[in-house]
Amino acid sequence: MDYRTNNIIEEYLTEQLDIFTTDDFYKYLKSRGAKVSKNDASEILQVSEYVFSLVKNEFVTKAGVFTGRWFSFKPSREEVEKDSIIIGHRCIPFVNPEVPPDSICVMAEGNVVESSAREFSMNLAMDTFALYGEGYVIPYIFNDKSNTSLALSSVQYSMPQEIRLTCWPLSKISGGKPFHYGDRIICRVISWSDCVVEMKVQDSGLSDMVISDEAVQREEWYTYFENGLLESFDRHGPASSIEEQLSYLFLENQEELCTRCCGSVEEFLNHTSKIGFEPYGVESRIWRKGESVPYSGKWNNLGLDRGMLLTDMALTLTPRVIDAILEDRIYDERRGKREVSENFEDVIQKIFPNMAMISSAERRLVLLNIEKRNDILEKMYNQFSDYPIAPLRKRILSLFTRVSELFCDIGGSGIAAENFPQQELVILSQLYSHVVRLLEEVENVYLRPQFPEADVSLSLDGMEETFDEISGTLLSSLESNRFKGFEIVKF
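Numbering (my numbering), first residue to last: 3 to 493.
Calculated directly from the structure, the hints in this document are not laboratory data.
Backbone N, C-alpha and C fix where the C-beta goes; we use that ideal spot for every residue, glycine too.
Check each hint, because a few of them may be wrong.
Here are the simulated SDA-like cross-link-like pairs (lysine to any residue), alpha carbons at most 25 Å apart as the crow flies [unchecked claim]:
(1) 396 x 332
(2) 40 x 17
(3) 396 x 424
(4) 76 x 165
(5) 291 x 225
(6) 352 x 434
(7) 58 x 76
(8) 202 x 339
(9) 37 x 23
(10) 174 x 113
(11) 291 x 129
(12) 339 x 253
(13) 202 x 269
(14) 374 x 417
(15) 174 x 225
(16) 29 x 19
(17) 202 x 59
(18) 202 x 171
(19) 291 x 233
(20) 396 x 445
(21) 174 x 115
(22) 174 x 119
(23) 84 x 205
(24) 32 x 60
(25) 202 x 268
(26) 396 x 463
(27) 202 x 105
(28) 291 x 352
(29) 147 x 99
(30) 276 x 266
(31) 339 x 378
(32) 147 x 192
(33) 300 x 126
(34) 32 x 45
(35) 339 x 387
Per label pair, the in silico range of CB-to-CB distance [said to hold, decoys possible]:
(36) 9 x 416: 37 to 45 Å
(37) 474 x 336: 33 to 41 Å
(38) 271 x 105: 24 to 32 Å
Could you build the full structure based on these sequences and the hints that come with them?
As structure tokens, then:
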């Protein structure tokens, strides 16, 4: 799909506010000259993270769900003392998840509030970015555009006490009026595509000795939030992220939760005794407190559909992963580490360690496309720009091969996912997704001049170590389950 078509698709999915159908989407794309089939349009809607699927072949975008909806948060004492707020996770899930919090545009009283940079305690930063989940909190904090002195790779030595982050002045949001600790900022997205959030101050008003109507309504809000979240766990499981968990919650409970007397996710997690952050492999999810978050359940049917693991794996693969495998091959050939070969069976084996994933006809088609793509890459290959990154890519591909082979062994075993250790299976799935994402980043030529080799290498250290820790447990479980499948016949 070309760059122009991608832009047309993204424009529609980030700006469409009304409910629409596949036909509506397809007609729009055709009217703009996009070269896509109706099946392509349907698949785009099914996999897009910008879209919710409704009933009767209808869809609604996140822009349509969250534009104009109320949400709020209470600034911390440190922020009030410094007359500055950091946004962190506080706009989740109402804004585009692809936009980092330091790039959100804040408006107050019709004017854009300019951001600045200021030192904040690391404790506050960790609390205010917590909803990005375990494994992502630190990268989000350190990648803030205002942090120009502390490298992510430095975390392995020690955690700083303070860090410089992008912030917005409270006095500008309050219109110059005094802002007191306990006051609330009530927000709504006024442009989802441009990530513009309007903020205004909601005075706490009365003393702590008086229970206001707003306080009573907010207490009811916490009850709605808790009940809705518990129901969502059964319906959607742990989802792909905390952001997605909260997206489903607010989608399905808009009228009860998006009110002017709303609380915040931060406050709810301090308020509830039933729900909290729970480990989910190398990440975390919001889940029932003290309960292990399962990998399989009725929300994904992995316990029933034994081929689903392989299907999920095949859907995760992207053209850039194949490019990485081919460029690694070309790199070895140019350095004399490999004989030039027109046989691409080894490439197929790396992409699909379990041949049951594809039919013989699909295999022939994939081989043909690989040969064509290899010819294109050989002509475009720039050894000078590739050499600095090639050793790291080779290391990522090595982990990719190990992870995908184990994934295929489990997915192709015919054994239900529920029979494997759930946390180890979660981690394996996450490792696969993470290593695919690393390969995509390596193959993004626009990022290469600024590619964070040290940070990626550090991340890879942890991923390799994690795989070594879980692979033995999963292989033992695989063998044990296979043994249980044999019936001993007595003669």
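Status of the hints after comparison with the structure:
no., hint, result
1, 396 x 332, "holds, 12 Å"
2, 40 x 17, "holds, 21 Å"
3, 396 x 424, "violated, 30 Å"
4, 76 x 165, "holds, 21 Å"
5, 291 x 225, "holds, 16 Å"
6, 352 x 434, "holds, 13 Å"
7, 58 x 76, "violated, 40 Å"
8, 202 x 339, "violated, 63 Å"
9, 37 x 23, "holds, 19 Å"
10, 174 x 113, "holds, 9 Å"
11, 291 x 129, "holds, 18 Å"
12, 339 x 253, "violated, 54 Å"
13, 202 x 269, "holds, 19 Å"
14, 374 x 417, "violated, 37 Å"
15, 174 x 225, "violated, 33 Å"
16, 29 x 19, "holds, 16 Å"
17, 202 x 59, "violated, 38 Å"
18, 202 x 171, "holds, 12 Å"
19, 291 x 233, "holds, 15 Å"
20, 396 x 445, "holds, 12 Å"
21, 174 x 115, "holds, 7 Å"
22, 174 x 119, "holds, 15 Å"
23, 84 x 205, "holds, 18 Å"
24, 32 x 60, "holds, 19 Å"
25, 202 x 268, "holds, 19 Å"
26, 396 x 463, "holds, 14 Å"
27, 202 x 105, "holds, 19 Å"
28, 291 x 352, "violated, 40 Å"
29, 147 x 99, "holds, 17 Å"
30, 276 x 266, "holds, 16 Å"
31, 339 x 378, "holds, 21 Å"
32, 147 x 192, "holds, 24 Å"
33, 300 x 126, "violated, 37 Å"
34, 32 x 45, "holds, 16 Å"
35, 339 x 387, "holds, 19 Å"
36, 9 x 416: 37 to 45 Å, "holds, 44 Å"
37, 474 x 336: 33 to 41 Å, "holds, 37 Å"
38, 271 x 105: 24 to 32 Å, "holds, 25 Å"
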